[in-house]
Amino acid sequence: MSEYPGQDYSGGQGYGDQQDGGDQNAGQQSSGDQYGGDQGGYGYSQGGQSSEPGADDNEDVVIEYEYATEEGIQFSMDELTSAGYEPEPDDSSSGSIA
Amino acid sequence: MGDPQVSFSGGSFTVTGYAPTWSIGNLGQIRLGDHFQVTPPSSFTDPQIKLGLHILDLTWGHRGSLWLEQSLTMGGTFHLLTSGASGSLQLNNQLLWQPIRDLQFTFTFVMSGQLDQTGVTGSVNFGSQFRITDNKAVLGGVGLRF
Chain A
1 MSEYPGQDYS GGQGYGDQQD GGDQNAGQQS SGDQYGGDQG GYGYSQGGQS SEPGADDNED
61 VVIEYEYATE EGIQFSMDEL TSAGYEPEPD DSSSGSIA
Chain B
1 MGDPQVSFSG GSFTVTGYAP TWSIGNLGQI RLGDHFQVTP PSSFTDPQIK LGLHILDLTW
61 GHRGSLWLEQ SLTMGGTFHL LTSGASGSLQ LNNQLLWQPI RDLQFTFTFV MSGQLDQTGV
121 TGSVNFGSQF RITDNKAVLG GVGLRF
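Residue numbers (this note's numbering), protein chains in the order written: chain A, 1 to 98; chain B, 1 to 146.
I should point out that these hints are in silico values taken from the structure, not numbers from a laboratory.
Some clues are possibly wrong.
[As the list claims (entries may be wrong)] In the EDC-like style, the derived pairs of lysine to aspartate or glutamate whose C-alpha atoms are separated by at most 20 Å in a straight line are: (1) B:Lys-50 to A:Glu-66; (2) B:Lys-50 to A:Asp-78; (3) B:Lys-50 to B:Asp-34; (4) B:Lys-50 to A:Glu-86; (5) B:Lys-50 to B:Asp-116.
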């Protein structure tokens, strides 16, 4: 998987504009058109043992980070079926997910 | 015929991936299951897995790009492989569309809610872990400082 295939994920999937519980990350950047702006204040080192100026720029660096959020969801049956979901013919095989 | 209904009260779908030369933003433009391994909770029945995968797809279609973008407002850690220097750093959104030589990630989706005749309502707890490896000069070019 060495090349991004350039697929349009949302095409024909019927995602629409449904809101799914609101943004629970108040204070965080929440609009897709906000990136690329003035980020000049970012990218600074916050501690640890930084490399010396003039160190080898060909050196490899590993970055690790995490992110978590919880958001409400609400999808209509039309959305589910448009995405390929086929409701079970009866409820005998379904049940609680725990 | 009874009403189809499934309740969600937990269970984690895990997506693991290795996407060399992809950007982080690319991940938000695809159906995850088309390119990466999705592991459902072992305790789920087939109908539960089927519904859960569709919820994952729909949720990712709605929110994936936003979550990826928001993840870059967080901090991270770095480790320089030759000099051994390490520390913390602030990420930024210039990284979003930067192709990354080695991009590895793990996503978890924990779902709560229920399905009835009208659809599904509930919540999704999304967690992500990223490990990216590239040249210091390349990552420095998008404003990261080490």
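Sort out whether Glu-86 (chain A) lies within 20 Å of Lys-50 (chain B), counting only the CA atoms.
Distance of about 9 Å is within 20 Å: holds.
Is the Cα-Cα distance between Lys-50 (chain B) and Glu-66 (chain A) 20 Å or less?
The given pair, whose Cα atoms are some 28 Å apart, is violated under the 20 Å limit.
Does Asp-78 (chain A) sit within 20 Å of Lys-50 (chain B), going by the straight-line distance between their CA atoms?
Holds. Lys-50 (chain B) to Asp-78 (chain A) sits at ~16 Å (cutoff 20 Å).
Restraint check for Lys-50 (chain B) with Asp-116 (chain B), where alpha carbons must lie at most 20 Å apart
15 Å, holds
Is the Cα-Cα distance between Lys-50 (chain B) and Asp-34 (chain B) 20 Å or less?
15 Å, holds
Comparing the model with each earlier hint shows a violation of hint 1 alone; every other hint is respected.
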